[in-house]
Amino acid sequence: MIELLYQLKSKFYTNAFRQVSIYTIAGTLTKIISFAALPFFVNTLPEGDIGILNIFNSTIVFLTPIISMGALYTISVDYFKLSKPDYASVFSTSLLIPLIVSLLLIPLFFVFRESLSRTFSFQEQFIWLIPVCLVLNFCFEAFIILLRIQNKARVFAAITLLKIIIEISLAVLLIFFAYVSWYSRALGYFISILVIGILFFSYIQKNGFLVKRINLKTFKKELVFGLSGLLLQTAIFFINSSDKFFVMAHFGKTQAGFYSIAGTFAAIQYIVSASLMNYLQPVLFTKFSEKKMYESIKSIYAKYIIIMLATTAALFSFSSLIYHYLLKPSYKEYIHYFYLLCISSLIWSVSNIFLQRIIFNKQKRIIFRLSVLCILFAFTINYCTSQFMTINCLCAGQIVTNAFVLCVILYFNKKLNCFV
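Under the numbering used here, think of the first position of the sequence shown as 971, with each following residue one higher.
In short, the hints are calculated from the structure, not lab data.
Among these hints, one or two may not hold up.
Once the Cα atoms are required to be at most 25 Å apart in a straight line, the calculated DMTMM-like pairs of lysine to aspartate or glutamate come out as [as the list claims (entries may be wrong)]:
(1) K1261 / D1048
(2) K1384 / E1265
(3) K1191 / D1019
(4) K1054 / E1111
(5) K1298 / D1019
(6) K1182 / E1111
(7) K1334 / D1056
(8) K1190 / E1111
(9) K1302 / E1017
(10) K1122 / D1056
(11) K1182 / D1056
(12) K1332 / D1019
(13) K1332 / D1048
(14) K1191 / D1048
(15) K1051 / E1111
(16) K1257 / D1048
(17) K1176 / E1260
(18) K1385 / E1303
(19) K1385 / E1260
(20) K1176 / D1056
(21) K1122 / E1111
(22) K1051 / E1265
(23) K1257 / D1056
(24) K1262 / D1048
(25) K1001 / E1111
(26) K1122 / E1260
(27) K1051 / E1260
(28) K1261 / D1056
(29) K1302 / D1048
(30) K1384 / D1048
(31) K1133 / E1084
(32) K1332 / E1111
(33) K1332 / E1265
(34) K1334 / D1048
(35) K1133 / E1111
(36) K1384 / E1260
Could you put together the complete structure from these sequences and hints?
Spelled out as structure tokens, the structure:
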């Protein structure tokens, strides 16, 4: 008995378990803080402002992959393939791409501001706020990727928690003392990622990842790969976030508010999945670089899927309680949005782990084909359901889209001999 307890203790105190625990706890605390503040924002701000915030957040999610053009994939993968000096050159060069593209968005937003306002309730403050937030959000994403692949789980946790604490605290203070509107919430987000951006540049300077000379050959190479990376990121947006724009465009900002809250609860799936992937991606990439056979890593896939199924079951119970007892009565009528989006999120989380092998191989043609198929299918489902059917059909359509995406990803895995 004592020996068994000792073995269990040894297993639980392994480095892998500690890292997964830290990532999971950090992700959970981040979501807890966000959810603790959610009733305040929902009950203080009008449903229309919640809808505007939904568009703001979805725009950041949509445009981040466009401005990065695959740079985030390069930062993740090339760390395992290049020497530190070469990686530092690639890393520094990759930072230029989002900066240049974001600057180009400012005149673009200004020219099309009226049509965007009519269709998506696009606010004038978005003209400067979104491009700046995009650059800073890219820095945040690059920062946590770098910390993750270096196995610095504690620093990762500190950065993610610092961001959400600053964001929520400032948003609440601004609502109380400045603007009772979406603008306070958005400014809280902006200031939080500005602080993280300053810490990011300090960290990469100190650790030798920031070099002064830009390699033009690397820059051109990243732009070429960036086209396929851009398509993949765009496909991920269409799969996971484009439905919110169709809701806003066809069903109004009030329904977008109800839909947004359902999506927020369903996004807990993404938090758990991301927490696990923060640990698993470096592990998988290391095994891929060592050309490990599928037989030796399939247990990782199985355990991950079991955890995501358990998360779904727990989330159904938790969110039902929140809808019934903490949110406005008007939200309770639309709880079915949550159930449908939660199932959709579960399917995507499974797709995500099988997507990692495709990302690691960086085969542009396969990434291109996969991305185009997913974009076309997601757009078709969202357009047809919003144009000719109801919002309930659009919501259910997300399950159909994600099931299709999973099948396509598994097909390309088989084509790459990933199951051998």
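Taking the hints in turn, this is what the structure says about them:
no.	hint	in the structure
1	K1261 / D1048	holds (16 Å)
2	K1384 / E1265	holds (14 Å)
3	K1191 / D1019	violated (42 Å)
4	K1054 / E1111	holds (20 Å)
5	K1298 / D1019	holds (15 Å)
6	K1182 / E1111	holds (21 Å)
7	K1334 / D1056	holds (22 Å)
8	K1190 / E1111	holds (22 Å)
9	K1302 / E1017	holds (14 Å)
10	K1122 / D1056	holds (21 Å)
11	K1182 / D1056	holds (13 Å)
12	K1332 / D1019	violated (40 Å)
13	K1332 / D1048	holds (10 Å)
14	K1191 / D1048	holds (13 Å)
15	K1051 / E1111	holds (20 Å)
16	K1257 / D1048	holds (14 Å)
17	K1176 / E1260	violated (30 Å)
18	K1385 / E1303	violated (45 Å)
19	K1385 / E1260	holds (20 Å)
20	K1176 / D1056	holds (17 Å)
21	K1122 / E1111	holds (15 Å)
22	K1051 / E1265	holds (23 Å)
23	K1257 / D1056	holds (22 Å)
24	K1262 / D1048	holds (18 Å)
25	K1001 / E1111	holds (17 Å)
26	K1122 / E1260	holds (22 Å)
27	K1051 / E1260	holds (11 Å)
28	K1261 / D1056	holds (23 Å)
29	K1302 / D1048	violated (47 Å)
30	K1384 / D1048	holds (24 Å)
31	K1133 / E1084	violated (33 Å)
32	K1332 / E1111	holds (19 Å)
33	K1332 / E1265	holds (22 Å)
34	K1334 / D1048	holds (15 Å)
35	K1133 / E1111	holds (12 Å)
36	K1384 / E1260	holds (19 Å)
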